[in-house]
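K.L.:
Could you fit the two chains together into a complex? Lean on the hints.
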Amino acid sequence: MSAAKRRLVYVAEWDSVRTNEGEDMQVPTGSVCIVLVAAALTVSAGCGSDDNGATNTTAAGSNTSAAEVTEATDPAVTAKADSSETSAPTTVEREPDGGAEWAAIVEAAEAEGAVTVYAIGTDQVNGRLESAFETAYPAIDMEVIRVLPGEVGTNLDSEERTGAIADVAFQTNYPWIIDAADTGRLAEIVGPNARSEEWEGTPWLVDGLYQYSAVQPIGIACNTDLVESCPTTYEELLDPKFKGLLGMTDPQFPVVMDYWAFLEGQLGEDGLENLALNEPIIYSSGVPAVQALVAGEYGVYGFSSPNALDEIANGAPLEWVLPGEVWAAPFLSYIPSWAGHPNAAQVVLDFLATSDGQASITAGFAMSVLPEEVPGSLGAEYGLTADDVHAADIYGLTTEWHAEQYERWQQTFGR
Amino acid sequence: VRQRRSHFNQSERLPVSWVRYPAKLPRLAVPAFLVTIGCLVLAPLVRLQALALSDGAHGYRKVAGLRNLWRTLATTLYLALGSVVLALVLGTLLALFSVQLSSRWRWLGVVPLLPIVIPPVASVTGWTFLLAPRAGFVNGALRKLPFLDDQVQGPFDIYSTRWIVLVTGLGLTSFVYLFVRAGLVRISYELTEAALVNGATARTAFVSVVLPLLRPSLVYGGAVTFLLGLGQFTAPLLLGTRNNVRVLTTEVYRFSSESPVDYGLSAAIASPLLVVGIWLVVLQRVLLSNQGRFVSEAGKGSPARYKPRKLAPVVFGAYGFVAIVLPVLALFLVALSPFWKPDIDWRGLSFDNFRTVLETSFAARSIRTSLGASTLAVAIVVPLGYIAAGILYSRRGRDVQRTALDFLVNLPLGVPALVFGAGALYTFINPPVVLYGTIWAIMIVYVTLMLPFATRMFLSARLSQGDAYEGAARVAGAGFLTAHLTIVVPMLRSAAAGAVGLTFVLLSHEFAASLLVKSTRTHLMGTALYEFWSTGSYTVTAAMAIIMCVVTTLGVLIAWRLGFDRASHEDI
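Line by line, the protein sequences give chains D and A. Residues 17 to 431, numbered by my numbering, are exactly what the first sequence covers, in order. Residues 6 to 577, numbered by my numbering, are exactly what the second sequence covers, in order.
For reference, chain A alone in the conformation it holds in the complex (with noise of 0.2 Å):
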């Protein structure tokens, strides 16, 4: 007892006992993860600085010199914010409904994480079919009423910079549902009622109340779309040629892709979203540095007890129908005609381009490839997240370790994927560490990009179990790995299961970075659907499109299997 005692540590936290292991094994362990994950993460950034400070810096200099360069930066920050406020109004006023559900339409909380698992390329491609301006269903359907007979085309047209806002919103909004919701649950509702019946009325019990007591889900959640606007790519790739909306990422691709390949200034250009990723990461940990503040609040709430609404179905219903059954069912329409037409000839249906997609060599590659990189880092990235997680929430190591591996792991999600995606690219296709072409280039990015959500979500478990399992097993006489193995880890078994299902579902439909980590051999379905829309028929893109989402879905529904609807809601 004297021995344990010894080791107890005298902050607030409870012992820590490294009675079955030397000291010196985790003293080292902390800095050798650090630097681990340093080096997944820092390598592709520095080496594209490198790229574009070389020869002169001539990589800033021909940026400075682009034409368009302004207009360009201007779109970036106007399709971030533009999403960004969309994504906040809808995400929120979502997770307000969502806890107001009665009982029976409960499930229908679910809806607004759909859009994750359905991939943005096929999304985005189910919008195109939707509101193109003259072949779109949505737009051939509203020039037959009687005030839009008279027109050609429109009413609405999908390759507008206000349409590609609108969609890039679109899909961020489960972002912002899923973390003010996350905190909004923990909200009790006894302090509103409190208010309530201290005269305020619902609003100002609102306004005063509940969005202070939201302001870590809002801050975070709102950085978090707004560093996702900041580097989309996918919308902007697929519909903004033909209005010329060129935003940084697609700059970036175009420049990296187009022969001959000037590496310095597809690097410089990508400078920008780099900045702001890191600014913004580092705003995020100062404005949210006392967690534990916000998070005391956490497993206290009772979302039982705000008054059902009975628009509130009504509304996830409609969201539901607009962000997922829309173009879903434009993808199906199109995946079985034999030509994309604004009318669908419905005797002329058939599977044929399902059967070409899987009579296509790399189409069929791709899936396998895709399912492999993804589920080999998922097993890589959920342990290292659990490790992280470990580190951050112990407080092991010293205080300049805890933050720099904080911010470390935290960067993927602040810069842009595409960014990582050519820093990768850029690192792999030189010596020492030539990967261009395997599998594992498209891995290790894939575990560098997973690192913040693996872990976010043991981190969150973490915080809401509490020490007192561990130190109980401490006390008990179980060493450091003993408890954690026996204790800690099967009571963070739906964190887990909520990990592997977010990672593996992020990653089966990952695009940005695969874009450029891609070879002609190691296609993956992202890719692949890019492929046939930049190179095949639209019809074959759409049963493309149809085939990722039912491979995301058989993901998801594993991931749910092993636990995931307890950890989406228990633990994030």
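Okay, chain D solo, but in the shape it has when bound (with noise of 0.2 Å):
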């Protein structure tokens, strides 16, 4: 098959997939663009015409998006765009190395050199990301910065009118991600691992756009020189002999705000009330708190990331154990379309599709969503998978709902 066949079968059959799932019109609309500008030969000026187009926008005028690149390594596509276009979709297998057009992406990311992530993770997580990464593609540069998924947002927004800092990121800013999906300014994801049968389909990526990379489960962390043994569910955490001991997390990010609808569920009716008679310590995120619980600030931390667990090895007095209900949040990756460097976040993208990739940021901190499992992760440690946690659900977390729980939330904790 060549070069420019599979290219636009890649095409089609990304189409169908969301044809047939009934998405919006706004994604489709992205890469009926690349079919319709491949045939115009034409790539970049028509696809820069329309806002939409997922993967044509780059916000600096000298960079080069993935798409540019293909169509420029491979001019014979946009010859047969015409007629490839109206052929059955989805008759012809996609190549698992993903083919010249994927070769001349990462060769054209290598040429890019450097790649910038906004990354959740821990300094471990992302020091792992960052070496796996660099060890597959040494002659790209990955720099991981991490970033609260409060300020990703507001960094995102202020980089899409200024100029372009972050390449990928892997975040829990939902609203944003879905308010950029919908906008057009993601830029799809399109290399041959992250576009395989392992995710193409599933929940784990969404139009093309964003990828469940991970998903953390949330536990409960003690400090065993405060507390004798550590709640293993949530209704323990409403015992009195915790009152003043216990610590939690301020709700002002919506996926926090989650955590405490889960956890309202969980507590029953006036769960919530009866947990604030133990004045629990608010603190604004979970590494400060877990700093303040390793110090013994406080015993029992309801809100606790793994990260504790990197404590427990270097020694700290902490034991961390998942309750019975396991709540979860979703980690997703994803390139904004002003990317100064889109084809080495493309090769990103690719990457965290990768067993290599799932292990670098999974191990001991959070929960790869592949079928097979991942050696080292979180869940092959706990015996556990995607399926047997209650996830964020990230459409559901709105700006509006988010502002009317916190303020219920901040009722009922006298904040």
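Hints are computed from structural coordinates only; laboratory data are not their basis. Quick caveat: nothing in here was measured; it's all calculated off a predicted structure. Be a bit skeptical, because a hint or two may be false.
As the list claims (entries may be wrong) - The calculated lysine-lysine pairs, modelled on DSSO-like cross-linking and capped at a C-alpha distance of 27 Å, are: (1) D:Lys259 x A:Lys67; (2) A:Lys346 x D:Lys257; (3) D:Lys259 x A:Lys346; (4) A:Lys67 x D:Lys257.
P.N.:
This is the structure:
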């Protein structure tokens, strides 16, 4: 099969998937745009005129989008576009290595030479990702910057206006992501691994625009110097013996608010009011909360990510348990359409979809969504899969819902 | 001679000679300078108001409906007033004791200024390690005392509003000390002596003679510290979350940084700070409008005449131990430890956390960015301050221009840095001047923030220096620029060194405005420290704080070497 034909099959296949699932029409527009533009032999100019084109927008004029690289390296693609567009879209299988187009993207990524990721992972996880990626792609220098979910949307919005810093985000800022996907501000993911059958058509790759790269379970952490036995259910947090010893996280971010909604369901009627009687200490985010727990500022942290495991490994007097019902936060990866290194960004998204990429971001930190067990992942360690946990409903976490729930939470906890 | 006489100013000032330069240049220069300063100072503030008033003033309407608005306003006022009272009492006491230090202990007079060198963000972190309810070192030590050994936490809670006020007040004490001491050394002891000879008690002499003469220093110091207290950001941000202590600045930051950003709301909630700042700048100008009356005492005092008191060095030692040694020591201990715990594992101490900081790309980069932005800003603001002081002192330009300039250069002192940062952020992310994420954005904000300090340093020095030397140069035939470059500037070298030192120190640990104008690529030292605080570990945070202190101290030492010591004592 020629490279041109393979590429067009990809496009048709993606459109087919979306059409079958009845997804919204803005995203297919991006793919349709690619085909139409390819047929018109004016790839970048044509797509550039369409605000909804997911793969066509770059903030910096000197940068080259992944689609542009593909077209530029194989002009024959455009010549055959018209006939291929009308052929049966799902009859040809995808090549596992991605073919010449992907090779061209990788080559262009290596020419870009750098990529920046806004990640939510801890320093250890981010360091592992950087190391694993640079081992796989030594010509691309990856910089992983830890950014909290509350700030990442603001940063990306500013960068959209002023110039790109982040090429990829690995985050939990769901309302922003969904809005960006709806308004054509995310680039389509094109890597062969990211679009392989393990991802394509599953809930873990949405519209080809964002990927559920990992799911992080939230547990309960205790300071063993202050608490004899760590609670194993959320109901135990209501025990008066934990009054003044309990720590929780402020649901200032929608993702944390979803946890509180889950917790309310676990505790039953008046559960949050009863929890308030234990006068929990409220922390702004998880990392300072775990640090204070290690210091002995309080004894039980009800919203503990597996970050606590790193502290335990370093000798901190902590215990981390997963309660019977587990709430989890999906970590979504995506490429802003104004990424300064769009090809390198594609390579990163593709790497995250591989078992090596999954291992780097899930070891001791999160669960993989892949059907096959990822060695070293937290899921493998605790015998958990993404289906076993109550994952945050990212579509329900609208700004309005969050504002309303946050107001109620503030009233309950007197804040 | 006739030509030169024709240029003589008819006022009490000495002649203004433009022999070497066309008269047109200076006449245009003053308005041009005014416009430049106006753009720097007003552009961000106008942008804020434009946002707050946009869309039918939706920002103000949303502010009115904010939950906890009145509590936030009350806490802001409480924090400002509480910290000012503490700073005024402590700063004035220290200033009084400073002139009663014997020559052997006179060096202790610099101790109350040292907290300025310690970055507030580092200082607050240090206080957290000391006074956290359960894990604080001081609390842990106090709980070992017989009457407290049954308690599991406390007796102090650094996260309470009361302690946030105390920590803020302690930080502001240095500013009051700076102003009051400068005023005190200019008051001749002979005046006090005269009162004593005429039968007044020491207290009466202090109340009826010294305090009235200190009025400008107290008013200025009080106004400055009140404004600084009103715009206080670091302590409420780092300590307030736990007990839900919110002030206006933390709310501005919250609404500026949370997605989706509501620029109008964020701008509107900053407005009370803006209004109070402007009002106080105007009030301060009115109260001290006749500066010459107070400054005429300058340089005539004789501090050595105050009788040394044995208590003075003890007071300074105690203050230095509490305000400097304790927090820095706590930072060192935590920075060297694997964990922050009330019981220190002396065997486990290492430099690992310092290595972590230096190996973290954004932290290492933040040191370079801070030094670069601060140096650039200092290089610009010091000449600007010199020119502004020159215009204000020499009464060049029209009255309205000078009044406007005086107001503009003082405004950054009245309006909290965070508000300027927010205004700059909203200005620089939109055309025509898109500078977000660049060092230039930071530098411009820094220049704006430092204008009052640089101007004040030069203005004080000019007032002390008088007109005689410049006038002599003019009479001898020197033109405007020649007189300045060969006579005035060299004579103001110590003031320039002081301005360089002070602005560099303040900028190298600037935090509030930096937090808003930085990007993920342009972290400053203060914002890098906050990054570690909010997303890293306390031990690495402590290591970053120590590194900040070292960098700032090196800056001070260099400034000191250049003559900052002379400037701080003589010119302020």
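K.L.:
Against this structure, judge whether each hint is valid.
P.N.:
Hint by hint, here is what the structure shows:
1. D:Lys259 x A:Lys67: Violated, at about 36 Å.
2. A:Lys346 x D:Lys257: The given pair, whose Cα atoms are some 23 Å apart, holds under the 27 Å limit.
3. D:Lys259 x A:Lys346: holds, 21 Å
4. A:Lys67 x D:Lys257: The given pair, whose Cα atoms are some 41 Å apart, is violated under the 27 Å limit.
Of the numbered hints listed earlier, those contradicted by the structure are 1 and 4.
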